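**Q** Read off the chains here:
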Amino acid sequence: MIRRIPPKAYLTALAGAAALVAPLVMNDLTFLMRMVLAAIVVTGLSLLMGYAGQASLGHGAFVAAGALTVALGTTRMGLPPLAVLLAAPFVAGAFALVVGPPLLRLRGHYLAFGTLALLLIVQTAMSAFDALGGAFGISGIPPFGVGNSIFVGQLPYVYLALGCLGLVLVLTHRIVHSRFGRGVRAFAGSETAAGSAGVPVMRSKVAIFAISGMYAGLAGALSAFFTPYVSSDSFPAVESFTYVIMAVVGGLGTVWGGVAGAVLVSTLLQVLNTVSSQPGLPPTTGPIMQYATYGALLVLALLFMPRGVVPTLDGAFDRLAARRRAGEPA
Amino acid sequence: MLTIDRVSRRFGGVYANQDVTLEVAEGELRGIIGPNGAGKSTLFNLIAGHARPDSGAIRLKGRRIDRLPAHVRARLGIGIVFQGARTFAGMSLLENVMVGAHSRTRAGLVAAAVRPPSQRREERRIKSTAEECLERVGLLEWASRPADGLPLGQQRRLQVARALAGEPRLLLLDEPASGLRARERQDLAQLIRDLARSGVTVLLVEHDVGMVTSLSERITVLDLGRVIADGTPAEVTSDPAVVKAYLGTGADHAAHR
Numbered sequence: 001m002i003r004r005i006p007p008k009a010y011l012t013a014l015a016g017a018a019a020l021v022a023p024l025v026m027n028d029l030t031f032l033m034r035m036v037l038a039a040i041v042v043t044g045l046s047l048l049m050g051y052a053g054q055a056s057l058g059h060g061a062f063v064a065a066g067a068l069t070v071a072l073g074t075t076r077m078g079l080p081p082l083a084v085l086l087a088a089p090f091v092a093g094a095f096a097l098v099v100g101p102p103l104l105r106l107r108g109h110y111l112a113f114g115t116l117a118l119l120l121i122v123q124t125a126m127s128a129f130d131a132l133g134g135a136f137g138i139s140g141i142p143p144f145g146v147g148n149s150i151f152v153g154q155l156p157y158v159y160l161a162l163g164c165l166g167l168v169l170v171l172t173h174r175i176v177h178s179r180f181g182r183g184v185r186a187f188a189g190s191e192t193a194a195g196s197a198g199v200p201v202m203r204s205k206v207a208i209f210a211i212s213g214m215y216a217g218l219a220g221a222l223s224a225f226f227t228p229y230v231s232s233d234s235f236p237a238v239e240s241f242t243y244v245i246m247a248v249v250g251g252l253g254t255v256w257g258g259v260a261g262a263v264l265v266s267t268l269l270q271v272l273n274t275v276s277s278q279p280g281l282p283p284t285t286g287p288i289m290q291y292a293t294y295g296a297l298l299v300l301a302l303l304f305m306p307r308g309v310v311p312t313l314d315g316a317f318d319r320l321a322a323r324r325r326a327g328e329p330a
Numbered sequence: 331m332l333t334i335d336r337v338s339r340r341f342g343g344v345y346a347n348q349d350v351t352l353e354v355a356e357g358e359l360r361g362i363i364g365p366n367g368a369g370k371s372t373l374f375n376l377i378a379g380h381a382r383p384d385s386g387a388i389r390l391k392g393r394r395i396d397r398l399p400a401h402v403r404a405r406l407g408i409g410i411v412f413q414g415a416r417t418f419a420g421m422s423l424l425e426n427v428m429v430g431a432h433s434r435t436r437a438g439l440v441a442a443a444v445r446p447p448s449q450r451r452e453e454r455r456i457k458s459t460a461e462e463c464l465e466r467v468g469l470l471e472w473a474s475r476p477a478d479g480l481p482l483g484q485q486r487r488l489q490v491a492r493a494l495a496g497e498p499r500l501l502l503l504d505e506p507a508s509g510l511r512a513r514e515r516q517d518l519a520q521l522i523r524d525l526a527r528s529g530v531t532v533l534l535v536e537h538d539v540g541m542v543t544s545l546s547e548r549i550t551v552l553d554l555g556r557v558i559a560d561g562t563p564a565e566v567t568s569d570p571a572v573v574k575a576y577l578g579t580g581a582d583h584a585a586h587r
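Protein chains in written order, with my numbering: chain V, 1 to 330; chain D, 331 to 587.
It is worth saying that the hints were derived from the structure and are not from the lab. In this text, all values refer to a predicted model and were calculated from it rather than measured experimentally. Cβ atoms here follow ideal geometry from the backbone N, Cα and C, with glycine treated the same way. Heads up, some of the hints might be wrong.
Here are some, though not all, of the chain V residues that point toward chain D, as calculated from beta-carbon distances under 8 Å [said to hold, decoys possible]:
(1) P102
(2) H173
(3) F180
(4) G183
(5) A194
(6) P306
(7) R307
(8) V309
(9) P311
(10) A322
(11) R323
To give a feel for the contact side, a few chain D residues facing chain V, derived at Cβ under 8 Å [what the hints assert, rightly or not]:
(12) S338
(13) F341
(14) R397
(15) P399
(16) R405
(17) G407
(18) A443
(19) R445
(20) P446
(21) P447
Which bits of chain D does chain V cover? Going by a derived footprint, with three or more residues having C-beta under 8 Å, they are [what the hints assert, rightly or not]:
(22) 348 to 356
(23) 369 to 382
(24) 460 to 467
(25) 527 to 533
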């Protein structure tokens, strides 16, 4: 008997193929790189918001932690690029483990504001302390490389980031469909019932927060090599808000929602950017259109696709597949 | 098995439980009845770890448990079916029950990421346990349905299945029969009887007094947070204090309508 390949596997393969070809055909690699990095952060944020039911308006704090690990590790401590890239997610994760227990005692809006405050504190610390870059930031980050082979140009960074995104997606899929992941999804539904089923609620909450922080730290590390400059201005609050919008638009509670949201929102912003930089328009057009788009996007998403793009399409796809199966002769 | 020793719990200035003392033997099926607001659910929360007593001690097999978090008590063998809807939305019925096996399994975050053979074996075991438990409450055919918006009766049965997946030694049932139809009630009563016969200690809070008296060997009656009677079903139902407590609230109910 031939085992049938599930239709969704084709979609996954298609997305993978598109990701491999895109860097070769697109000429704006900076845009593509930013999109992939956002997808990594938003996948973690979607895991935190969609599966664990915990909000974060300040995920940039963990992106910063990863970026700082690379910047300080390479320029001040002279560590090899590969070592700092591998260490960055763990530094960001450790940071989340430290700030998580007090922060996660907060709920709903309070948690959202608490995480935003965390980002503001991180920004302030980065500009205030010279050890973290101070007013001038940290420049002179060497290009990424392993041994004697050193990255030249933007292309290898994009592929490295895509590889990391793939890893993050596989990891997320495995976490969601595991005993640990079920515990996380359970406490999002009822902390009381999850506790009585044997789920260590607080510990799991901090753990998933740390995982989400690790993803953000990984993205931050990649961005530090790519840019290659890190300062307190590298992680504006609006970027952290964008992550939330991407997560909501893409669809919470799905593995692919983060990627879909990052691609859609980034592309839209890029189009707007092109439009608003046409000659004859005032320089304020760009930011105004960006904020208007965020507002409109959230309202439209909540009105027409309250569950986000991926779950909506997924449902439509399932219905279509079911209809086709029903139409098939037995 | 379970010893509750002069336990009190206040909410604001009101005693939800006051000097409650209770001794339940291993394998016993104990009914707990009392009018609304008698403190039955609070007592369950104190035992399961969702509230802490202001004073007094709770022991399970001689071990003090009243300061332990809920998930540790689950591991010690305490299972609970809540009065309200406490199923996990966004998860299928099967996944809901699989969560119930949490206290009997161990794979963590690293195992989830690496997926060693031991983790895959455990996953298979969790799944088959969950399927068995769904079968026992008659929900197996709905296993892949989402748990959101389940009718009350099925929600109850789902909670029972989830509690069973944790292989409890002490099972707290807070009005498990509410919302069930007559036939479902009979099945549930039989299931409770089977569990007790297999050695599980059961505490049963139920408004259906007929069900409690037919199932329980002993019944404890609470009123206004205190134990007002304790004995066989026959003793308790003829106790003047119990009759007064029930008639009193009965009259109140009548007055409100």
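**Q** Take the hints in turn and mark each one as holding or not.
**A** Hints versus structure:
{"no.": "1", "hint": "P102", "result": "18 Å, violated"}
{"no.": "2", "hint": "H173", "result": "10 Å, violated"}
{"no.": "3", "hint": "F180", "result": "5 Å, holds"}
{"no.": "4", "hint": "G183", "result": "6 Å, holds"}
{"no.": "5", "hint": "A194", "result": "7 Å, holds"}
{"no.": "6", "hint": "P306", "result": "14 Å, violated"}
{"no.": "7", "hint": "R307", "result": "11 Å, violated"}
{"no.": "8", "hint": "V309", "result": "18 Å, violated"}
{"no.": "9", "hint": "P311", "result": "11 Å, violated"}
{"no.": "10", "hint": "A322", "result": "13 Å, violated"}
{"no.": "11", "hint": "R323", "result": "19 Å, violated"}
{"no.": "12", "hint": "S338", "result": "22 Å, violated"}
{"no.": "13", "hint": "F341", "result": "16 Å, violated"}
{"no.": "14", "hint": "R397", "result": "14 Å, violated"}
{"no.": "15", "hint": "P399", "result": "7 Å, holds"}
{"no.": "16", "hint": "R405", "result": "6 Å, holds"}
{"no.": "17", "hint": "G407", "result": "10 Å, violated"}
{"no.": "18", "hint": "A443", "result": "6 Å, holds"}
{"no.": "19", "hint": "R445", "result": "6 Å, holds"}
{"no.": "20", "hint": "P446", "result": "12 Å, violated"}
{"no.": "21", "hint": "P447", "result": "14 Å, violated"}
{"no.": "22", "hint": "348 to 356", "result": "violated (count 0)"}
{"no.": "23", "hint": "369 to 382", "result": "holds (count 3)"}
{"no.": "24", "hint": "460 to 467", "result": "violated (count 0)"}
{"no.": "25", "hint": "527 to 533", "result": "violated (count 0)"}
Hints 1, 2, 6, 7, 8, 9, 10, 11, 12, 13, 14, 17, 20, 21, 22, 24, 25 from the list above are not met by this structure, while the remaining hints are.
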